[in-house]
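With chain W fixed as given, assemble chain Z onto it according to the hints.
First to last, the sequence lines map onto chains W and Z. According to this note's numbering, the first sequence is numbered sequentially starting from 1. According to this note's numbering, the second sequence is numbered sequentially starting from 1.
Hints may contain errors.
[Unchecked claim] One side only, chain Z facing chain W, incomplete, derived with CB under 7 Å: (1) P712; (2) M1040; (3) A1043; (4) V1129; (5) A1130.
[To be verified] Partial chain W-side listing against chain Z, Cβ under 10 Å, derived: (6) R87; (7) N97; (8) D170.
Don't read these hints as lab results, they were simulated from the structure. We put the beta carbon where it would ideally sit given N, CA and C, even for glycine.
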Amino acid sequence: MAEPIIEVERLEKIYVSGDVRTHALRGVDLRVERGEMLAVMGPSGCGKTTLLNCLAGIDDPSVGAVRIDSTDLATLDDDTRTSYRARKMGFIFQFYNLLPVLSAAENVELPLLVSGTPPAESRERALASLDRVGLAQWQAHRPAQLSGGQRQRVTIARALVNDPAIVWGDEPTGDLDTANANEIMSLMQELNRERRQTFVIVTHDPEIAARCHRTIHMQDGLIIREETRAAVAHDG
Amino acid sequence: MDSLFGVPLTSIMIGLLILLALSLGVVGWVWLRQPILFRMGIRNLGRRPQQTALIVIGLTLSTLIISAAFTTGDTVGYSLTSGVYDTFEEVDIALAYDPARAHEGAPGHLTDGFLDELRAEFLVDADVDAITGVFARDLPVLNTRERLSEPSAVVVGVDPETIDELGALRSPGGDGVSAGVLGGDRFFVSRQLAEEINAGPGSRLQVFVGNEAQAVEVVDIVQDSSLTGAGIQLTGGGLVGHIDSVRRLDGDPGELSLIVFSALGGTRGSLDAANALQERIEDYLEETGAPAQIAFTKAEGVAAAELVGSIFVTFFLLFGLFSIAAGVMLIFLIFVMLAAERRSEMGMARAIGMRRLHLTEMFLAEGSGYNLFAAIVGALLGVAVAYGITWLVGIAFADFNFSIIFHVNPQGFVIAFALGVVLTFATIAFSSLRAANINIVRAIRDLPEPQPLRGADRSLAGIGRAAVGALWVLAWVALVSIWAAAAFGAFLVGLATYGLGVIALLLAMALFVLGTRSVPRGRFLPDNGWRTWLLWGLWICLFSVVALATLVLLNTRDWAARSRNAGGWALWMLVAGVVGLWLGGWVWGQAAPYSGGLTLVVLAAAMLAVYFGAATRAAFTTAAGLLLLFWLTPLPFSLIWDVTADDTDPVRLIAGLLPLIPEPREIAGNVEMFFVSGMAITVSSTLVVIFNAQLLLALLRGGGAVFHGIAPAIKMAVSYPLAARFRTGMTLAMFVLIVFSLVVMATLNYNFSQLFFSTDAKAGFDVVVDGNPSNQVGDLRPALAGSEVRDGELAGVGRTRSLFLRVGEEGRAPPAGDAEFYRLVDVDREFLEVAEIPLASRARGYDSDASVVEALLSDPGTAIADDAILGVEGFGPGGDLFTLSDARVEAIRGGDPYEPVRVTVSDPESGNVLELRIIGFMEAQVSGILPQLSGIFAHDAGIERLSADGRTTETFFVRAAGSPSTDDLEELADRIESTLLERGVQASAIQALIDDQARASTQFQLLFEAFMGLGLIVGIAALGVIAFRTVVERRQQIGMLRALGYTRKLVALSFFMESSFIALTGIALGLVLGTALSYNLLTDPAFTEGTEIAFRFPWVRILLISGIAYGASALMTLAPARAASRVPVAEALRYE
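Excised from the complex, chain W in its bound form:
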């Protein structure tokens, strides 16, 4: 059996708002292997994004443990967990979440600056990353000057610039048309193959899920079903 990079045990998450308690995750167990491309599917409100947030360490579970590369996230304080995230993880969001005041290159080099990479090297790597996603000539443009597909490519370039072990994608194609969604998915597959990076992608789209190695289906805060594919389509 391959080495697991993500291990989750009996994960629960309860949101409390006044007197109302919402059980978003009700005891999730999950293992994800290094280099695996995992899709998380389910109806709205089933706990997909909450699971992703807890796995990425940007939200604290109420009960249970999350281990990334054998490190229990609960044992890290906020600053250490933040640095850990900067080194090990990349993020792709549905609405891109690019900083509107920075150019494409500046957006991409942000994670490098945070991790203390010298500015010149940061810029060099950011441009290389942009080149990898086919946007080298758009480096000086601001997000408002780019199309939706281009923005998501910048987000992918940003997610991959520090060569993370895991890339989290929260509906990465949710805001794109079919053609762009296919292109982005192909890009992620290529990167997954080339770099053996682990991708965990939350999606509503079965076609996107079909291009991942494994899909877990969630409902009411629990994993109710799992599908594994021996071979996945590369072109949608």
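Coordinates of chain Z only, in the frame set by chain W:
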């Protein structure tokens, strides 16, 4: 205080109350017509309490400044006025001897005979209460038992009968005291003198006259008043005795010093009667040619006190304008930000059917909620601030016998409140109109609005249409405001008494008809039966025209769309600028409209260039750069731009090149230019920075390479403000404006203080000894022989004798009245040998100050004079004394050697004349502290020969041996004074006098700067509003940054540095520009009136100002920075 800027306060108040009613009427109309919108607007107040608190603080400030200015002025005016009434009591007018009208051979003083004439003439006057004569001398008084003395007490002789009619003598408890007990050696002592020498009823005192002691007995203590020297001169109180007793001490039989009139009406109610009486007295003196003049009046004292109060209000308002302007910018910024925050909400509202007017009304309701609350709080806080200011003024001037009585004028309070509300309402209304001007789709999808200046139709006709649209909006706003206020007013009337309203309307109509019928026959129209109907017809026509105009206006709403392009407004700005330029340059000769107009023209030109397609950055950078050059040239730091002052006026240059344009008149500016230049420099510098911030970013990027750890925070801190140009520019401008004004004020104050409180004011001496005219010393050294003052302690002793004499300038008709007189100072050889008096200018043939002194010593016909004889420019009349003619002053101030100024000095009584040539003029600072150093100074001028009675004022200037400290010098002065106690001399250490005045001046300056510094609250509040707002706006981005690896500290640091970036840039700009302008002013002879000032930078004050400004900004940013760092990441990422 009754008026401000020459306009009666009542008129200002009524005007503002009408505007207030109009503003409230519009809000009331919204509440009445659109209650839901009104409620929606008001509910926004509670949405974000912290932000609401900051907005209210920001809005409060304008009203606070206005209220504080009024209350401070009122208090100062009221305190001074009360002091005048307390001093003058029943005395309204005092006549003194007028040497200018003296006849040869006549006694050189007023006489009992003249008093009798006046009593016969005026006691029958209905306005006259009493007339009496007094005889007064300044004399030394000693309480031998207590060994306490007063070297200069006013010893006043009164006629018991007539002084009792006047009722001028009162006990310390306020009861009337009869002068009947006076006579022989029996005297009253004033309370001040009694306290000073510990005297009371039964005390035996000695009065020294002609160096001999005369004994007097105190029978009672009376209040200090104008009769005991209070308020007239700085004396230590006085003695009041029978007039014959005082004349026997030192005077001629029948001699009077003053004749005083009391008008009916008591202490405070006699001003009107006294004014009428004064005219009749002046007419009488004119008719009879009597050698008397009005020396002082209570009305003048009251008017002077009120003027000082008014000057305080004017200055505090004028220098508060910076803060008020910053406050207006803050209001505008807040509403622009609120509009940005609710852009998509408003887009949705428009999509479901709300009109632009509805959005405007909603904003108006919300703004009025902030406004009314802020205005009342501001007005009350202003009173509290004024209390603090006047309390500190009281402390600063405690040594000058000035007691503060706190006073709030209700009119001033109402004006401050109304002005605060109206000012804020106008800004809110403008901001609301702008905020409602949105495109629905762009607003809903949160897409950027297109460049507001770029013209869709880049033609002259296009911009003309845009200008018509802008004008339409203005007319529409005015019309709607009036209609709304009228409708709300009618509603209120109807609501109160509906029926009465109808009756009032009918009554009004009836009155109108009656009024029309009562028009005199034949006055306006032919006298026939149908004239009434014709008048009715004319009225109907007039109303129809107005109604038609309204209808047309309301039916041309589409025109409003044209106003949305700023090109139309730019055209009006150009027109306003040209009009200002023309009025200022060719009609009034005033710098404010001239330079302000030029600034508007240049900015409008840039806007129009952008309208027609020019690059925004290039257009605004060029225009703002040129304006900075115009306002700051000659730049102190410029190496390439070396032009004379005249060449820096571009309009003059253009007029010189184009023969069709006449040259502008000579332009004069005053203190208002401080504000105009501040605004223009602030706007220009902000534009340059905002449009060229990329360069700054590149620099900081370099900084990021050095500071690895915080590089991500630096990146965020700089990128965000540079992306939001408008809000950054506005906040930056607020900081620049306030810091600029503070730096200019602090630098000017500091440099002038350094000048006037420098060692030059000592003129090379250490102790000044004022003699008493009735007890001349003659030679100081022998007089001190054998005393505690050793001769070796005195390195030099100069003696001067002075007298006010009539001065005539060669080739010029004599000026009228007091303006004929100036002080002649006859100095001895030792004075000239010891004195160190720097000269600002020397006549032709005198190459150095030493050559001038040499000439004075060798040629009795030469003289030097102080700076005041050249007059004072800029701030009104320089005083009542003689000044040289303008042409002569221009030649002297011009800087080149001039011909010696020939003057004649004569005594009107004796008719003796002395001719002098003035060959040098002192630096202004020489006579800044010691009035004894002002006058025309000549050596061996034979001043006794000029004077009819040989009486002169004697002064000694002592230079101490060695380098004694100020304390040592004060002790030396005390020893001189106590040795010569019986001569009534007063000795002071000059350095101590300088220090006292410098202390009071510095305290007042700091107080004033602190008042101006209130404006910093605006800038700081703006930073706070922006910081709190950005935490909300960037919530999702913060979440993303945290996900990417920004630690909490890094997020907090980036927010903190972002505010710091704006604050520090603003402070640095304000510092540089303020220093540049101050340097230019202080090195410009036109500003310093020829005085050379060695520019000094007030490091301590500037560091304090910068430190407080930045420290407070940093504190304000801590809370939002902390809030940003604590944003929950997962929740923020879900945030939309």
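Cross-check of the supplied hints:
1. The criterion of a C-beta within 7 Å of any C-beta in chain W is met by P712(Z), whose closest approach is roughly 4 Å, and the hint holds.
2. At its closest, the beta carbon of M1040(Z) sits 4 Å from a beta carbon of chain W; the interface hint therefore holds under the 7 Å criterion.
3. Checking A1043(Z) against chain W by beta carbon gives a least distance of about 5 Å; that is within 7 Å, so the hint holds.
4. A least Cβ separation of about 4 Å between V1129(Z) and chain W falls short of the 7 Å threshold, and the interface hint therefore holds.
5. Because the smallest distance between the Cβ of A1130(Z) and any Cβ of chain W comes to about 4 Å, under 7 Å, the interface hint for this residue holds.
6. Here the hint on R87(W) is kept, as its CB sits about 8 Å from the closest CB of chain Z, short of 10 Å.
7. Because the closest C-beta pair between N97(W) and chain Z is about 4 Å apart, less than 10 Å, the hint holds.
8. Taken as an interface hint, D170(W) checks out: its beta carbon lies about 8 Å from the nearest beta carbon of chain Z, inside 10 Å.
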